[in-house]
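**Student:** Spelled out, the chains give:
Number of protein chains: 2
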Amino acid sequence: MTVITSVDVTDVRFPTSLSADGSDAMNKDGDYSAAYVHLRTDDPDLAGYGFTFTIGRGNDICALAARDRAQPLVGRDVAEITDDLGGIYRELASDSQLRWLGPEKGVEHLAMAAVMNAVWDLAARRAGKPLWQLLTDMTPEQMADVCDLRYLSDALTRDEVVSMLSELAPTRAARVAELSQTGYPCYTTSAGWLGYSDEKLRRLCQEAVDDGYSHIKLKVGANLEDDVRRCRIAREVIGDDVHLMIDANQVWDVPQAIEWVQALAEFRPLWIEEPTSPDDVLGHAAVRKAVAPIGVASGEHGMNRVLFKQMFQAEALDYCQLDSARLASLNEIIPVFLMAKKYGVPVCPHAGGVGLCELVQHLSVFDYVAVSGSLENRVTEYVDHLHEHFVDACIVRDGAYALPQAPGYSAQMHAESVAEYAYPDGGYWSARV
Amino acid sequence: MTVITSVDVTDVRFPTSLSADGSDAMNKDGDYSAAYVHLRTDDPDLAGYGFTFTIGRGNDICALAARDRAQPLVGRDVAEITDDLGGIYRELASDSQLRWLGPEKGVEHLAMAAVMNAVWDLAARRAGKPLWQLLTDMTPEQMADVCDLRYLSDALTRDEVVSMLSELAPTRAARVAELSQTGYPCYTTSAGWLGYSDEKLRRLCQEAVDDGYSHIKLKVGANLEDDVRRCRIAREVIGDDVHLMIDANQVWDVPQAIEWVQALAEFRPLWIEEPTSPDDVLGHAAVRKAVAPIGVASGEHGMNRVLFKQMFQAEALDYCQLDSARLASLNEIIPVFLMAKKYGVPVCPHAGGVGLCELVQHLSVFDYVAVSGSLENRVTEYVDHLHEHFVDACIVRDGAYALPQAPGYSAQMHAESVAEYAYPDGGYWSARV
Numbered sequence: 001m002t003v004i005t006s007v008d009v010t011d012v013r014f015p016t017s018l019s020a021d022g023s024d025a026m027n028k029d030g031d032y033s034a035a036y037v038h039l040r041t042d043d044p045d046l047a048g049y050g051f052t053f054t055i056g057r058g059n060d061i062c063a064l065a066a067r068d069r070a071q072p073l074v075g076r077d078v079a080e081i082t083d084d085l086g087g088i089y090r091e092l093a094s095d096s097q098l099r100w101l102g103p104e105k106g107v108e109h110l111a112m113a114a115v116m117n118a119v120w121d122l123a124a125r126r127a128g129k130p131l132w133q134l135l136t137d138m139t140p141e142q143m144a145d146v147c148d149l150r151y152l153s154d155a156l157t158r159d160e161v162v163s164m165l166s167e168l169a170p171t172r173a174a175r176v177a178e179l180s181q182t183g184y185p186c187y188t189t190s191a192g193w194l195g196y197s198d199e200k201l202r203r204l205c206q207e208a209v210d211d212g213y214s215h216i217k218l219k220v221g222a223n224l225e226d227d228v229r230r231c232r233i234a235r236e237v238i239g240d241d242v243h244l245m246i247d248a249n250q251v252w253d254v255p256q257a258i259e260w261v262q263a264l265a266e267f268r269p270l271w272i273e274e275p276t277s278p279d280d281v282l283g284h285a286a287v288r289k290a291v292a293p294i295g296v297a298s299g300e301h302g303m304n305r306v307l308f309k310q311m312f313q314a315e316a317l318d319y320c321q322l323d324s325a326r327l328a329s330l331n332e333i334i335p336v337f338l339m340a341k342k343y344g345v346p347v348c349p350h351a352g353g354v355g356l357c358e359l360v361q362h363l364s365v366f367d368y369v370a371v372s373g374s375l376e377n378r379v380t381e382y383v384d385h386l387h388e389h390f391v392d393a394c395i396v397r398d399g400a401y402a403l404p405q406a407p408g409y410s411a412q413m414h415a416e417s418v419a420e421y422a423y424p425d426g427g428y429w430s431a432r433v
Numbered sequence: 434m435t436v437i438t439s440v441d442v443t444d445v446r447f448p449t450s451l452s453a454d455g456s457d458a459m460n461k462d463g464d465y466s467a468a469y470v471h472l473r474t475d476d477p478d479l480a481g482y483g484f485t486f487t488i489g490r491g492n493d494i495c496a497l498a499a500r501d502r503a504q505p506l507v508g509r510d511v512a513e514i515t516d517d518l519g520g521i522y523r524e525l526a527s528d529s530q531l532r533w534l535g536p537e538k539g540v541e542h543l544a545m546a547a548v549m550n551a552v553w554d555l556a557a558r559r560a561g562k563p564l565w566q567l568l569t570d571m572t573p574e575q576m577a578d579v580c581d582l583r584y585l586s587d588a589l590t591r592d593e594v595v596s597m598l599s600e601l602a603p604t605r606a607a608r609v610a611e612l613s614q615t616g617y618p619c620y621t622t623s624a625g626w627l628g629y630s631d632e633k634l635r636r637l638c639q640e641a642v643d644d645g646y647s648h649i650k651l652k653v654g655a656n657l658e659d660d661v662r663r664c665r666i667a668r669e670v671i672g673d674d675v676h677l678m679i680d681a682n683q684v685w686d687v688p689q690a691i692e693w694v695q696a697l698a699e700f701r702p703l704w705i706e707e708p709t710s711p712d713d714v715l716g717h718a719a720v721r722k723a724v725a726p727i728g729v730a731s732g733e734h735g736m737n738r739v740l741f742k743q744m745f746q747a748e749a750l751d752y753c754q755l756d757s758a759r760l761a762s763l764n765e766i767i768p769v770f771l772m773a774k775k776y777g778v779p780v781c782p783h784a785g786g787v788g789l790c791e792l793v794q795h796l797s798v799f800d801y802v803a804v805s806g807s808l809e810n811r812v813t814e815y816v817d818h819l820h821e822h823f824v825d826a827c828i829v830r831d832g833a834y835a836l837p838q839a840p841g842y843s844a845q846m847h848a849e850s851v852a853e854y855a856y857p858d859g860g861y862w863s864a865r866v
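So the protein lines, in turn, are chains C and V.
Our numbering numbers the first residue of the first sequence as 1 and each following residue consecutively.
Our numbering numbers the first residue of the second sequence as 434 and each following residue consecutively.
Honestly, the hints are just simulated from the structure, not real lab data.
Hints are supplied without guarantee of correctness; some may be wrong.
[To be verified] Not the full set, but computed from the structure, chain C residues with beta-carbon under 7 Å of chain V:
id, residue
1, Thr-54
2, Ile-61
3, Ala-127
4, Asp-154
5, Val-176
6, Leu-179
7, Val-251
8, Glu-259
9, Ala-285
10, Gln-313
Think of the CB as a built atom: it goes at the ideal place given N, C-alpha and C, for glycine as much as any other residue.
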């Protein structure tokens with residue numbers, strides 16, 4: 001019997017604010033960070049890694065919450081845990097005292113995401129499979145067992161889960177074979193951070209086109225005049241055939257969002273992302289109605305499955321951008337994929353940050369193979385930074401994520417990176433703080 | 434010049450789980466707790482006290498978050514802070530790195546509530562007025578300046594705030610005079626905790642009627658047969674003229690909520706409280722439509738003003754139960770009161786917990802005097818426990834809160850209580866943990 005012997009949680013922060021990487025209208029100086037969970041076992045060759053993503057201050061609070069949340073795992077049989085991934089999720093989530101602090105939102109939910117991401121990574125490593133394959137090898141009934149369907153039954157029942165998954169199960173292998181040739185399509189945000197100069201924007205847009213991207217995203221929302229100029233530059237460089245997306249990172253009220261997006265309509269954006277508060281289901285629905293045919297995208301701050309359920313019910317989204325480190329791992333993410341399918345909304349997961357690209361590639365492969373069966377209107381975010389810190393970094397070629405091959409959820413960081421960027425005692429920070 | 438010299442935040446926990454006080458279908462064993470903020474100044478006679486309320490584990494995490502959030506206050510001029518309560522709110526809320534952890538929800542928002550409650554307490558103490566009077570002495574424009582209206586402009590504009598407040602301003606004094614005679618009506622939840630025996634339930638219902646209460650609330654949702662029996666007992670004891678409310682504490686999915694409430698309809702509940710996830714605006718609207726004329730009440734877990742805005746827009750609530758320690762103090766609470774008025778929903782604040790009764794009495798007085806001008810369908814929660822720990826404990830007579838007289842927000846605990854119940858090092862816990 002292999003046993004989980006300890007849970008180490010490290011506050012890891014990268015000084016991205018120095019280069020304005022990641023700068024947008026709401027978040028001007030983020031230091032991309034991870035509350036990084038390492039589940040150790042008494043088998044030296046078996047461990048689980050997971051994290052949630054933050055942008056600096058408060059990462060210590062998430063780390064503390066993850067440490068507390070993970071305590072019930074210590075001393076437990078790895079087989080028992082990983083053979084019942086629905087059971088361990090429900091056990092960890094059922095702490096009613098911690099539930100009061102949300103429920104299912106904010107710091108406690110980010111911590112739950114970090115811990116369950118590590119548990120899923122452990123399960124995939126134990127099985128010797130990349131996470132997407134662990135998932136696509138599960139039967140529809142096994143998958144229904146891991147789903148958290150609480151509060152969803154007015155939109156998605158267990159019977160529907162099984163029937164939707166069963167429909168595509170016979171053809172899964174063909175789609176795996178296809179993706180192993182083509183990869184899963186992605187787009188880049190690396191070009192358009194708000195803090196970049198016009199020259200840098202122009203150069204990065206050109207590089208993105210040269211690298212084969214068919215979609216490029218720009219940050220907007222700080223100043224309309226700047227946005228008009230930057231969108232014009234981008235459109236000039238990328239031409240008419242490449243899609244341009246714009247992202248306001250929640251800076252607008254609903255009426256202002258409508259006005260601003262209409263002022264940028266001449267640049268034919270495919271979508272406006274996070275036009276207003278991520279909690280505002282009805283607000284997103286109102287913006288969507290007003291700015292069509294420009295689409296509305298949101299979800300990186302979508303706090304839980306109940307929020308997404310309402311976004312679908314209210315027809316508030318054209319693109320669902322669920323987040324792999326904000327939702328409580330696959331147990332909550334799979335039901336969101338299934339609801340998206342049922343309501344006809346393509347899922348284009350949020351990525352970037354620290355390691356989010358490493359995670360979402362598994363999710364998008366799973367989506368195509370087991371849930372959606374379609375690549376239409378689907379493109380997953382990719383940002384080209386911080387990958388050097390990951391042992392199984394994602395590989396992107398010709399605007400597509402290559403199918404991950406290594407066992408696990410690709411969430412493991414190099415031990416040297418963790419040691420160097422641990423806050424405040426790692427090598428990098430201790431020399432500066 | 435008086436300066437804020439330090440911020441002490443204490444994790445205070447009371448062992449309420451021992452007596453099943455506060456037990457309900459979701460929360461079986463809460464230890465009622467406060468992340469308790471003490472703003473010290475260099476004037477020994479001036480301080481500010483505030484808190485957020487939790488039910489045990491994780492209170493340390495809220496305390497840590499409150500300590501971080503309050504740091505910008507240290508060294509600052511008390512006059513500068515308390516003369517611009519909108520400015521200091523926006524300053525504390527504007528930390529974009531901490532914002533990522535919500536935004537405006539969960540642990541970070543609870544911490545913001547604790548800190549801003551202490552700032553408002555400080556302002557009222559400095560003015561030598563109970564908080565409700567500090568508020569009702571403000572002009573409509575001053576009050577608009579403290580409101581956080583971000584993300585609300587599709588439901589409430591600054592002009593509307595000023596105009597709504599101006600309408601009732603000339604008659605404020607008459608309503609203050611009235612309340613100083615009658616107090617503000619309240620109801621009791623002390624009778625109906627789920628963990629109590631039938632005999633205790635019967636006795637407490639009788640005592641509540643004898644004490645002059647016209648409204649009594651029971652916890653439901655764990656077992657339908659038990660609920661039928663308990664509602665029958667309550668109705669027998671209180672008769673037809675006293676209102677019975679029921680509270681499910683979020684245990685149901687939407688279809689189940691509808692079915693269960695319909696099964697209890699024969700006992701004529703005034704409202705069903707928290708029938709499902711507190712995030713589910715559309716779900717509350719669906720339940721409300723299905724169970725009318727039984728009302729739907731929710732709000733104690735209403736995470737922020739954007740949630741309440743949608744609850745009003747979707748016509749999801751008959752009663753708004755905003756929480757004084759979950760919303761970010763008056764800056765966010767005042768806009769919710771104003772939206773409730775505009776959309777015609779009475780506010781019946783959530784209380785109980787630790788010190789929530791002490792806070793909400795000020796809010797309800799403010800509401801009647803400055804916003805609603807009506808007592809119709811309005812009744813504020815009262816739970817008779819833990820008041821002995823507060824220096825200016827609320828006074829309830831004949832089913833009404835007496836108008837608070839002492840300067841401040843009534844949030845100060847006795848130093849002995851804080852020392853005894855500090856976790857884990859206070860006298861009570863160090864003997865047990």
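**Student:** Each hint needs a verdict: does it hold in this structure or not?
**Tutor:** How the hints compare with the structure:
1. Hint status for Thr-54 (chain C) relative to chain V: holds, with the closest Cβ pair at about 6 Å, below 7 Å.
2. Checking Ile-61 (chain C) against chain V: minimum C-beta separation of about 5 Å stays under 7 Å; hint holds.
3. This hint is violated: Ala-127 (chain C) has a C-beta 32 Å from the nearest C-beta of chain V, more than the 7 Å allowed.
4. About 4 Å separates the beta-carbon of Asp-154 (chain C) from the nearest beta-carbon of chain V, less than 7 Å, and the hint is met.
5. For Val-176 (chain C), the shortest C-beta to C-beta distance to chain V is roughly 35 Å, which exceeds 7 Å, and the interface hint is violated.
6. With a cut of 7 Å, the hint placing Leu-179 (chain C) at the interface with chain V is violated, because the nearest CB-to-CB distance is about 32 Å.
7. Given hint, Val-251 (chain C) at the interface with chain V, is violated; its Cβ is 10 Å from that chain's nearest Cβ, farther than 7 Å.
8. Because the closest C-beta pair between Glu-259 (chain C) and chain V is about 11 Å apart, greater than 7 Å, the hint is violated.
9. The criterion of a C-beta within 7 Å of any C-beta in chain V is not met by Ala-285 (chain C), whose closest approach is roughly 10 Å, and the hint is violated.
10. Look at Gln-313 (chain C): its Cβ gets to within about 5 Å of chain V, closer than 7 Å, so that hint holds up.
Hint violations for this structure: numbers 3, 5, 6, 7, 8 and 9, all remaining hints satisfied.
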